[in-house]
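Numbering that gives the first Met the number 0 numbers the first residue of the first sequence as 0 and each following residue consecutively.
Source of the hints: derived by calculation from the structure; they are not laboratory data. Source: prediction; values computed, not measured. It is possible that some hints are incorrect.
[What the hints assert, rightly or not] Calculated cross-link-like contacts (lysine to any residue; reagent style SDA-like; alpha-carbon spacing at most 25 angstroms):
| id | residue 1 | residue 2 |
| --- | --- | --- |
| 1 | K216 | R132 |
| 2 | K166 | D114 |
| 3 | K216 | H161 |
| 4 | K41 | A77 |
| 5 | K193 | A230 |
| 6 | K120 | P172 |
| 7 | K61 | P16 |
| 8 | K120 | W54 |
| 9 | K193 | R132 |
| 10 | K120 | G110 |
| 11 | K120 | K162 |
| 12 | K193 | P227 |
| 13 | K193 | T2 |
| 14 | K216 | S205 |
| 15 | K61 | V39 |
| 16 | K41 | M0 |
| 17 | K166 | N118 |
| 18 | K120 | R154 |
| 19 | K216 | V168 |
| 20 | K61 | E96 |
| 21 | K41 | R247 |
| 22 | K166 | G122 |
| 23 | K216 | A77 |
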Amino acid sequence: MFTIATWNINSVRLREPLVTRFLSEEGPDILCLQECKSPVEKIPVEAFRALGYRWMVARGQKGYNGVAILSRLPIEDAGDRDYASLGHARHVAARLENGVVIHNFYVPAGGDVPDREVNVKFGQKLDFVAEMRDAFHADNPTRSIMVGDLNIAPREDDVWSHKQLLKVVSHTPVEVDHLLSAQDAGGWVDITRKDIPDGQLYSWWSYRSPDWDVADKGRRLDHIWASPDIANAGHASRVLRGMRGWERPSDHVPVLASFDL
DNA sequence: ATGGTAGGAGCCCTA
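Build the full structure now, drawing on both the sequences and the hints.
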């Protein structure tokens, strides 16, 4: 059995103390980070190594994006793909000794206007997810787990107001269609919603909303999916809402799951 | 219809 967590950290260097606190308190076997905003060589690996996280597979760039997989189980680099040819560090994969492959994604946020004719970034987001769909269709993933900040909240109960967010990037029908097509192409099972099927569930609250806890205008942007052959092994999903209230928090909180593999 | 906050780089971009 192992546990896996995904967390958009919004600067791994600034929030090194939060990462070490989380690793100490929760002790996931694998932690997938997004928005590290750091070249790989400047990620504070020694602090993580001191807590037993001896392995890291990462892709980075200065200032933007960046994905890393920290692990206290041995992992090897399983490559990356430049979805939508953006030249961004938004995907990396690692392989455990038991053959399970972990994909860590940071899907583009997509800008403010949900129209690719007037907002290039929205088109890039749709293209990115369409290429994920094509890759999953071609690869037919098995013994695989995919996690990350997908920047799309697919279900009505993944947002604070379905009606008010229908034209807000992250919950528009075209984005949801793209995401569900990618999920379907790989046969991926949404482990978080398999375990927590009912009710409002969020992993992100904007920095711009003070009083985030009371207002609770959240969205579920962070996901853990499993290939269909191992979906039954996934269980014990959690979303650590309380961490949004930590000092100098990320605007995202960790999502966790366990796998009996 | 608007503005609200945060991080990194470096006087503006992205989220």
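Against the structure, the hints come out as follows:
Proximity of K216 to R132 is assessed by CA-CA distance (about 29 angstroms); at most 25 angstroms being required, the pair is judged violated. Between K166 and D114 the alpha-carbon distance is near 10 angstroms, which keeps this suggested pair within the 25 angstroms criterion. For the hint linking K216 to H161, the alpha-carbon distance of about 11 angstroms falls within 25 angstroms, and the restraint holds. Of the pairs offered as hints, the one joining K41 and A77 holds, with about 21 angstroms between alpha carbons and a cut-off of 25 angstroms not exceeded.
Proximity of K193 to A230 is assessed by CA-CA distance (about 9 angstroms); at most 25 angstroms being required, the pair is judged to hold. For the proposed pair K120 and P172, the alpha carbon gap of about 17 angstroms is at most 25 angstroms, so the pair holds. Of the pairs offered as hints, the one joining K61 and P16 holds, with about 20 angstroms between alpha carbons and a cut-off of 25 angstroms not exceeded. Distance check on the hinted pair: K120 and W54 sit about 33 angstroms apart at the alpha-carbon level, beyond 25 angstroms; violated.
Annotation: proposed proximity of K193 to R132 holds, straight-line Cα distance about 21 angstroms (limit 25 angstroms). Of the pairs offered as hints, the one joining K120 and G110 holds, with about 6 angstroms between alpha carbons and a cut-off of 25 angstroms not exceeded. Annotation: proposed proximity of K120 to K162 holds, straight-line Cα distance about 23 angstroms (limit 25 angstroms). A distance of roughly 12 angstroms separates the Cα atoms of K193 and P227; the hinted pair therefore holds under the 25 angstroms criterion.
Our distance criterion of 25 angstroms between C-alpha atoms is met by K193 and T2, whose separation comes to about 16 angstroms. With a C-alpha separation of about 8 angstroms, the suggested pairing of K216 with S205 holds against the 25 angstroms cut-off. Under the criterion of a C-alpha separation no larger than 25 angstroms, the hint pairing K61 with V39 is consistent with the structure, at around 9 angstroms. This hinted pair does not check out: K41 and M0 have alpha carbons roughly 31 angstroms apart, beyond 25 angstroms.
The straight-line distance between the Cα atoms of K166 and N118 is roughly 14 angstroms, inside the 25 angstroms bound, and the hint therefore holds. Annotation: proposed proximity of K120 to R154 holds, straight-line Cα distance about 23 angstroms (limit 25 angstroms). Simply put, K216 and V168 have alpha-carbon atoms about 14 angstroms apart, close enough for the 25 angstroms limit, and the pair holds. Under the criterion of a C-alpha separation no larger than 25 angstroms, the hint pairing K61 with E96 is inconsistent with the structure, at around 31 angstroms.
For the hint linking K41 to R247, the alpha-carbon distance of about 21 angstroms falls within 25 angstroms, and the restraint holds. Taken as a hint, the K166 and G122 pair is honoured in the structure, with Cα atoms around 15 angstroms apart against an allowance of 25 angstroms. Restraint check: the Cα-Cα separation between K216 and A77 comes to about 37 angstroms, which exceeds 25 angstroms; the hinted pair is violated.
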